[in-house]
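Protein chains in written order, with the working numbering: chain A, 1 to 62; chain B, 1 to 553.
Worth flagging that the hints you see were computed from the coordinates, not collected in a lab.
We put the beta carbon where it would ideally sit given N, CA and C, even for glycine.
Heads up, a few of these hints could be off.
To be verified - The list that follows gives simulated cross-link-like pairs (lysine to aspartate or glutamate, DMTMM-like), each with its CA atoms no further than 20 Å apart: (1) B:K113 x A:D46; (2) B:K113 x A:D47; (3) B:K191 x B:D223; (4) B:K191 x B:E221; (5) B:K113 x B:D146; (6) B:K191 x B:D146.
To be verified - Reference listing, derived: stretches of chain B covered by chain A, where coverage requires no fewer than 3 residues with Cβ under 8 Å from a Cβ of chain A: (7) 119–128; (8) 379–389; (9) 527–541.
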Amino acid sequence: MSTTGATPEWRSAMIDVSELSLTDLTAATDPAGESVLAHCLRRLADDLAHPGEPIAGFNSAL
Amino acid sequence: MTIPALAHARPHHLSDAALAGLGAGHPDAATIAELRRSQLSRHLLLLHEIAATLRQSPSKQTEHLPQPLADRTSAAPDEPIAALAAAEREAPARVRELLADPLFGVWAVSCLKALREGASPEQAGLTHLATLATAAHIPHQRNHDDRALTATHDGLTISVRLEDRDPLRAHLGLTPAPRLTNEQLRRWREKFTGAWRLLVTAVRPDAEVLAAVLTCIVPVEPDPAARGISATSADAFGAVAISEPADATALAVGLLHEAQHSILNAVQYLFGLLEAPGLTGYSPWRDDPRPASGILHGAYAYLTVTRFWRTQRRDRLAQFEFARWRAAVVAAGEGLRELTPAGARFVGALLDEVRPWLAEPVEPAVLRLAEGANRDHYLRWRLRNLRIEPDDVAALTQAWHAGQPPPQVTPRLQPMARRALEANARLDLTHRFLRGHSLEGLGTDPRPAEGNGAAPEQQRENRTAEHELRRQGRAPGQHTSRSGQAAKVGNGEADVAYVLGERERALRAYRKVGLVGVDWVGLIIAGGFDVAPEVASVLAGVGEPLEIVRWLS
Chain A
1 MSTTGATPEW RSAMIDVSEL SLTDLTAATD PAGESVLAHC LRRLADDLAH
51 PGEPIAGFNS AL
Chain B
1 MTIPALAHAR PHHLSDAALA GLGAGHPDAA TIAELRRSQL SRHLLLLHEI
51 AATLRQSPSK QTEHLPQPLA DRTSAAPDEP IAALAAAERE APARVRELLA
101 DPLFGVWAVS CLKALREGAS PEQAGLTHLA TLATAAHIPH QRNHDDRALT
151 ATHDGLTISV RLEDRDPLRA HLGLTPAPRL TNEQLRRWRE KFTGAWRLLV
201 TAVRPDAEVL AAVLTCIVPV EPDPAARGIS ATSADAFGAV AISEPADATA
251 LAVGLLHEAQ HSILNAVQYL FGLLEAPGLT GYSPWRDDPR PASGILHGAY
301 AYLTVTRFWR TQRRDRLAQF EFARWRAAVV AAGEGLRELT PAGARFVGAL
351 LDEVRPWLAE PVEPAVLRLA EGANRDHYLR WRLRNLRIEP DDVAALTQAW
401 HAGQPPPQVT PRLQPMARRA LEANARLDLT HRFLRGHSLE GLGTDPRPAE
451 GNGAAPEQQR ENRTAEHELR RQGRAPGQHT SRSGQAAKVG NGEADVAYVL
501 GERERALRAY RKVGLVGVDW VGLIIAGGFD VAPEVASVLA GVGEPLEIVR
551 WLS
């Protein structure tokens, strides 16, 4: 959490790549694995490795 | 190659008010937009990983193929990605729209996993990207008009895609229904319109959130006798898999519930909320021990479900739902341990939202049944999942015979190997009673816990459980029995007396040893005892049940 600004803010470890073009994004590499992107990708890989079970089976009580 | 734009990419972020608003179930439009943007980022990062995987090991991707095919594939394994990138240069907004689709998320995860496991690009489904590149030239409206579900009420509109064709819909966790007939489509539209009217009228802010989150409904195979099943995938923000609902109310509640799962999944993509998400414990919504992440999901989904029932309190059954779930959400939220700082803020806001509801008046007879239903579930969970060590059983038995106070024992968590959902005749009777139906004739004969003697609604619950187990590739059965400590359900006279509030009659009936043994939980809740049923149950046969419970309390 950052409190240096006017209002407190929660900063994610995940970067916003939503504005990047596919050309740029799919070409980007980081052999050293030290960039923010690499950090994001490691966390994404961890999510994929531990997906948990599907959230399913809700039945309306009524 | 480092891309300058990437080097300067900002982290996704939320203001403190936005995170608290999410926890309380009141996210504003800008917060939902940020979550949606973050999910697009996730899809793009998955695509980046797919491209990287193709670059890293082209030989592994093709080594199992006949040589001519391998040559063709390895020549340009990422050609579909290039095609989509080219389409983006021509129709950037449309390609973004396609990449943001929830089913793109499930495709990307599936494709990446397959590639990493050694599948060829073709086997991993990479050609899907070429299909999207073609679709990029088709305007959105022309593509989906015939399957749009749109409803407007009091100036608020929701529009989603009813997805009954795309093979990717099978990745949402339940078996998809075949393409809908015109009659089925008509029924879906009718219930959707009814649900929307109900939601906008009752919980307009929640309806606004739903309209912003939900983009896709996937009809799934119904359980022949269940009222409805639904599912949400962490890979498909804004998509809900749901069987055709019984009515508009069921659809309204189901959509509120599932949208919460989507929102929480998106929040957890951005921020870890739990230091130990796998730590297991009691969940008011399941009969098996659940990880903390699942308990949080349950509480968050029932936050909006409870808020909905809060608005419907002229109906006694709605009062029951409200009273039951407000307490369950608070108990589940308060029971979460080892929260991260973001998790503490999120769960704190959730609790701040729901705790004041605990003081709101509910008809006393309904409140008794709601509190009893929660206690019933908790005690049955204990009976199912906690075990007493043999040495402790011996010590308890010895103390009983010696006329001494019961020794302290520590139950051990020993959950059953598979998920199970357990029918509950008391809950079934409670629903009947609150609907205003007569219980006359239901209290004469003890009913077996399972099988043909079970009440119709109980049988439906059992079949739903079996459906769920089969869906997970597990064998159904063994709902209740293990080591003689199973929760016994269905003691007709006692259950009816309990539901009607006839305490002494209920106690007299519960103390009898029925066809399926002693209903320890029934005895404990009817008498208002503070006793662990898994402890009482190990003394079955050594004394009279009510005396055992009194001795332990």
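So which of those numbered hints doesn't the model satisfy? 5, 7, 8, 9
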